[in-house]
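> Single-letter residue listing:
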Amino acid sequence: MRAFGPRVARGLLVAVPLGFLAIFFLWPVGAILGRGLRTGGSLDLRSLAEVWRDPSLRHVLWFTVVQAVLSTIATLAVALPATAVLSRFQFRGRGLVIALLTMPFVLPTVVVGTAFRSLGLSGSLTAIITAHVFFNVAIAVRVVGEAWRALDPAEEDAAQSLGAGPILTFTAVTLPALRPAIVAASSIVFLFCFTSFGVILILGGPRFATIETEIYRQTAQLLDLHTAAALSIVQLVAVVAALLVAGAMTSRVRTSTRLPVRRPPPTSRRSQLLLALGLLPATVLVTVPLGDLVIRSLANGAAGYSHLTSTPIGAPGSPLQAIATSIKVACVATVIAVALGLALAHALTRPGRRVGIARVAELLVLLPLGVSAVTVGFGFLIVFDTPPLDLRTSWWIIPIAHALVALPFVVRTTVPVLRAIDPRQRETAAMLGAGPAQVWRTVDLPIVAHAAKVAAGFAAAISLGEFGATLFIVRPETTTVPVAIYRFLSRPGVTNVDQAMALATILMVLTGVVAVVAERGSRIEARS
Amino acid sequence: MSRRTLVVLLTAAAALALGACGSSNSSGGSATKTVTLVTHDSFAISKPVMRAFTRQTGWKVRILKNGDAGVALNQVILTKNAPLGDVMFGVDNTFLTRALSENVFARYRAAGIEAIPRALRLDPTNHATPIDFGDVCVNADRKYFSEHHLEIPKTLDDLTQSQYRDLLVVENPATSSPGLAFVAATVARFGTAWPQYWDRLRANGVKAVDGWEQAYNGEFSGAGGGKGDRPLVVSYASSPPAEVYFADPPPTTAPTVSLDDTCFRQVEFAGVLRGAAHPDGARALVDFMLTRRFQSDMPLQMFVNPAVPGTPLPAVFTKFATIPADPFTLSPARIGHDRAGWIDEWTARVLR
Numbered sequence: 174m175r176a177f178g179p180r181v182a183r184g185l186l187v188a189v190p191l192g193f194l195a196i197f198f199l200w201p202v203g204a205i206l207g208r209g210l211r212t213g214g215s216l217d218l219r220s221l222a223e224v225w226r227d228p229s230l231r232h233v234l235w236f237t238v239v240q241a242v243l244s245t246i247a248t249l250a251v252a253l254p255a256t257a258v259l260s261r262f263q264f265r266g267r268g269l270v271i272a273l274l275t276m277p278f279v280l281p282t283v284v285v286g287t288a289f290r291s292l293g294l295s296g297s298l299t300a301i302i303t304a305h306v307f308f309n310v311a312i313a314v315r316v317v318g319e320a321w322r323a324l325d326p327a328e329e330d331a332a333q334s335l336g337a338g339p340i341l342t343f344t345a346v347t348l349p350a351l352r353p354a355i356v357a358a359s360s361i362v363f364l365f366c367f368t369s370f371g372v373i374l375i376l377g378g379p380r381f382a383t384i385e386t387e388i389y390r391q392t393a394q395l396l397d398l399h400t401a402a403a404l405s406i407v408q409l410v411a412v413v414a415a416l417l418v419a420g421a422m423t424s425r426v427r428t429s430t431r432l433p434v435r436r437p438p439p440t441s442r443r444s445q446l447l448l449a450l451g452l453l454p455a456t457v458l459v460t461v462p463l464g465d466l467v468i469r470s471l472a473n474g475a476a477g478y479s480h481l482t483s484t485p486i487g488a489p490g491s492p493l494q495a496i497a498t499s500i501k502v503a504c505v506a507t508v509i510a511v512a513l514g515l516a517l518a519h520a521l522t523r524p525g526r527r528v529g530i531a532r533v534a535e536l537l538v539l540l541p542l543g544v545s546a547v548t549v550g551f552g553f554l555i556v557f558d559t560p561p562l563d564l565r566t567s568w569w570i571i572p573i574a575h576a577l578v579a580l581p582f583v584v585r586t587t588v589p590v591l592r593a594i595d596p597r598q599r600e601t602a603a604m605l606g607a608g609p610a611q612v613w614r615t616v617d618l619p620i621v622a623h624a625a626k627v628a629a630g631f632a633a634a635i636s637l638g639e640f641g642a643t644l645f646i647v648r649p650e651t652t653t654v655p656v657a658i659y660r661f662l663s664r665p666g667v668t669n670v671d672q673a674m675a676l677a678t679i680l681m682v683l684t685g686v687v688a689v690v691a692e693r694g695s696r697i698e699a700r701s
Numbered sequence: 015m016s017r018r019t020l021v022v023l024l025t026a027a028a029a030l031a032l033g034a035c036g037s038s039n040s041s042g043g044s045a046t047k048t049v050t051l052v053t054h055d056s057f058a059i060s061k062p063v064m065r066a067f068t069r070q071t072g073w074k075v076r077i078l079k080n081g082d083a084g085v086a087l088n089q090v091i092l093t094k095n096a097p098l099g100d101v102m103f104g105v106d107n108t109f110l111t112r113a114l115s116e117n118v119f120a121r122y123r124a125a126g127i128e129a130i131p132r133a134l135r136l137d138p139t140n141h142a143t144p145i146d147f148g149d150v151c152v153n154a155d156r157k158y159f160s161e162h163h164l165e166i167p168k169t170l171d172d173l174t175q176s177q178y179r180d181l182l183v184v185e186n187p188a189t190s191s192p193g194l195a196f197v198a199a200t201v202a203r204f205g206t207a208w209p210q211y212w213d214r215l216r217a218n219g220v221k222a223v224d225g226w227e228q229a230y231n232g233e234f235s236g237a238g239g240g241k242g243d244r245p246l247v248v249s250y251a252s253s254p255p256a257e258v259y260f261a262d263p264p265p266t267t268a269p270t271v272s273l274d275d276t277c278f279r280q281v282e283f284a285g286v287l288r289g290a291a292h293p294d295g296a297r298a299l300v301d302f303m304l305t306r307r308f309q310s311d312m313p314l315q316m317f318v319n320p321a322v323p324g325t326p327l328p329a330v331f332t333k334f335a336t337i338p339a340d341p342f343t344l345s346p347a348r349i350g351h352d353r354a355g356w357i358d359e360w361t362a363r364v365l366r
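First to last, the sequence lines map onto chains A and B.
Numbering-wise, the working numbering comes out as the position in the first sequence, counting from 1, plus 173.
Numbering-wise, the working numbering comes out as the position in the second sequence, counting from 1, plus 14.
Note that these hints are calculated values from the structure, not bench results.
Where is the CB? At the ideal position from N, CA and C, for every residue including glycine.
Heads up, some of the hints might be wrong.
[What the hints assert, rightly or not] Some chain A residues near chain B, calculated using beta-carbon distances under 8 Å:
no.: 1; residue: 287
no.: 2; residue: 394
no.: 3; residue: 646
no.: 4; residue: 682
[To be verified] Label pairs and their calculated CB-CB ranges:
no.: 5; chain 1: B; residue 1: 204; chain 2: A; residue 2: 418; range: 44 to 54 Å
no.: 6; chain 1: A; residue 1: 195; chain 2: B; residue 2: 264; range: 48 to 58 Å
no.: 7; chain 1: B; residue 1: 352; chain 2: A; residue 2: 235; range: 28 to 38 Å
no.: 8; chain 1: A; residue 1: 226; chain 2: B; residue 2: 352; range: 56 to 66 Å
[What the hints assert, rightly or not] Computed list of lysine to aspartate or glutamate pairs in DMTMM-like fashion (alpha-carbon distance at most 20 Å, straight line):
no.: 9; chain 1: B; residue 1: 241; chain 2: A; residue 2: 465
no.: 10; chain 1: B; residue 1: 157; chain 2: B; residue 2: 262
no.: 11; chain 1: B; residue 1: 94; chain 2: A; residue 2: 563
Chain A with its partners taken away, still in its complex shape (with noise of 0.2 Å):
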């Protein structure tokens, strides 16, 4: 890198991921919408005119503006609490609990509907916002509890010595520091309510429609791309609004952080109750429908595991086989997403850079989250279709497909996180002759490191759990564990259920062990 000179490398850090969004996202979008919006070669607006015009179409975009806002505020109100006392406390059991905070993001929609169901939640707006919280409780715990334990608690203590007591603390130190992480969860979790799909669809019931459901319906089952592309744009511009509100609200806050300290245990009473109730509605919903899902994978005298390892009857494909293909693409998709978003966040940090351009590149790395995966996937078959660009059948094409929907997570875990560094450390370091790899290194890194193998650990799990935009993905025969799940439960008799279940379960479990092991890395720094 050094052959490049400095500035050829701090370039090449923009250039690359954004070239990656450029060609995987903007690309493939911009051209499906161009074909939508056009009729016989001209432009043509008619159907933008005729969606926004349509009554039922505007009572559409209003209750997914409200069924999302409403989830984004009650998954905050769960995990808040959760992610004070994760971040506060050193307690055993800590690793564990996150993980299990974790595994409701990777499960498949589809199986979360039956756990659902079977505890009577189904068909209503309660049912829908519940499945949100129960989704994106880890997105909060994980982005906001990353900069919360990397705050100074020296900061706190100062605000305490000085006469204040723990509210005031809380409002006048911790909440401002954290207001640009809690926004950066809260956009996170808004956009994947926004454009929430399976949960609408499975548990909402019929009478519930989003914009997210009327592109599915207008693109895949109708072939109407006029009204599509009207839909999409209509959505793209509801989650830039949302988007450009929330980077508002993040003003540029600086505090000092340092290395993730190792926090005390909960030695009194008062500390223990506080951390029990702090944990207690986070788990309770998520324990509860996880719960359910390992019993009936545990019903028939746990039969679903054993079929599975036997060669099942008339089964579409090994389901140990498509444990493997998930891991794989888990471990691609986390490569490319890591890198790039380190690579990103590592550019939108450094300072002197101009503002406009970072604020551009921290939406557009957004963006991929805000528009339908039905889209992406029509686009993606349009624009890579001549070799040696034809992706289109390639293996590729699904790792390339997750770390999109990862990317955004890795830059969010980081920035705050990289923005928080006092630049004065990084101003000495190069004061005493370091290079800018070298300031990296030893300032950036080790600070980071800890973000970066929590992002990791996220964006394996969610390459393990994606389902939306794999199922609209051209496939060669590689079956991901979610995908093989759904072709069970697309099929009459107990013996798919059973295996469904199993499955189910088994991807829960491989999910927390990514967790725990994420987690164990900062342990082990946090001892040395």
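Let chain A serve as the given structure and place chain B on it in line with the hints.
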């Protein structure tokens, strides 16, 4: 310490990535000729059957799957200028007109087409070849009806009677293919009065959900792996044999029964894609789909009936499945023309 862990993790993952790349390349295999089959997610066929095709013709088959039948066809239409593959399997009679009017298939008269009954040969221009058929029918939970001393309903009209109040669950035709087929059955039965039939069903407490999985595993009481409480569901004529086949140990009688007078027939087609890179292999594969080897493998793989009469059927099919003698049908042109209107009308009648 932490840095080393990260480096090790990244290296391991990169190695895996390269390994994955290598293996995906090797599966492409350039030694033999490869023909590419584009299909939907429910496609399944035994490995030995595919190997037999390769032995007989020298063509290896690469299978690309994507989404449900609607998604798969729309992807083929979007890519017709640079086809994804050589053959498409899985267009059914509800989508046939769209496939033909979009001109995605090349004309090909498959070897063995003469054997197929006229009723299944819905494309006289020989672009789409019928491969299999199945029936979408109301299924009943036998146990519920015997426990409640209630006669199992027989016809569509029966379903509106008060003794069957709150017992039926159906799928949304806007998002589900059996849902659409069942609406088509009511159109075929009642003609222009079909919306009033749905008014009566609604008054009798019909429940609508978005997909087959929610209806069958979630709401239907007769599903082996389900927990629902409604004993009537829109499913397939092949669901009762599937309930037997996928039970362990298999019961001696099927727990569910399909109602023969409520059925709508779905026919599935395959075709050589226009602009296929390997038209020879594509034609060979379509021919192969009509051979006994392929036809007799389909029932237990996809739970459909072979299109070629006289194909030997597995025991669960002969014992537990009935093929309705006189199912409801509509011309593909009628379905293609009216589909969107039916869906809007149904949504207004049943959901609002």
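> State for each hint whether it applies.
Tested hints:
1. Interface hint at residue 287(A): satisfied, since its Cβ lies 7 Å from the closest Cβ of chain B, which is below the 8 Å cut-off.
2. Against a cut-off of 8 Å between C-beta atoms, the interface hint on residue 394(A) holds, since the closest Cβ of chain B lies about 5 Å away.
3. Residue-level restraint check for residue 646(A) holds (minimum Cβ-Cβ distance to chain B is 7 Å; threshold 8 Å).
4. Because the smallest distance between the Cβ of residue 682(A) and any Cβ of chain B comes to about 20 Å, over 8 Å, the interface hint for this residue is violated.
5. Between residue 204(B) and residue 418(A) the CB atoms are about 51 Å apart, so this pair conforms to the stated range of 44 to 54 Å.
6. For residue 195(A) and residue 264(B), the hinted distance range of 48 to 58 Å is satisfied, since their beta carbons lie about 55 Å from each other.
7. The given range of 28 to 38 Å is respected by residue 352(B) and residue 235(A), whose C-beta atoms sit roughly 30 Å from each other.
8. Between residue 226(A) and residue 352(B) the beta carbons are some 25 Å apart, a value that contradicts the proposed interval 56 to 66 Å.
9. A hinted pair counts as satisfied when its Cα atoms are at most 20 Å apart, and residue 241(B) with residue 465(A) qualifies at roughly 13 Å.
10. Restraint check for residue 157(B) and residue 262(B): satisfied, since their Cα atoms lie roughly 19 Å apart, inside the 20 Å limit.
11. Taken as a hint, the residue 94(B) and residue 563(A) pair is honoured in the structure, with Cα atoms around 14 Å apart against an allowance of 20 Å.
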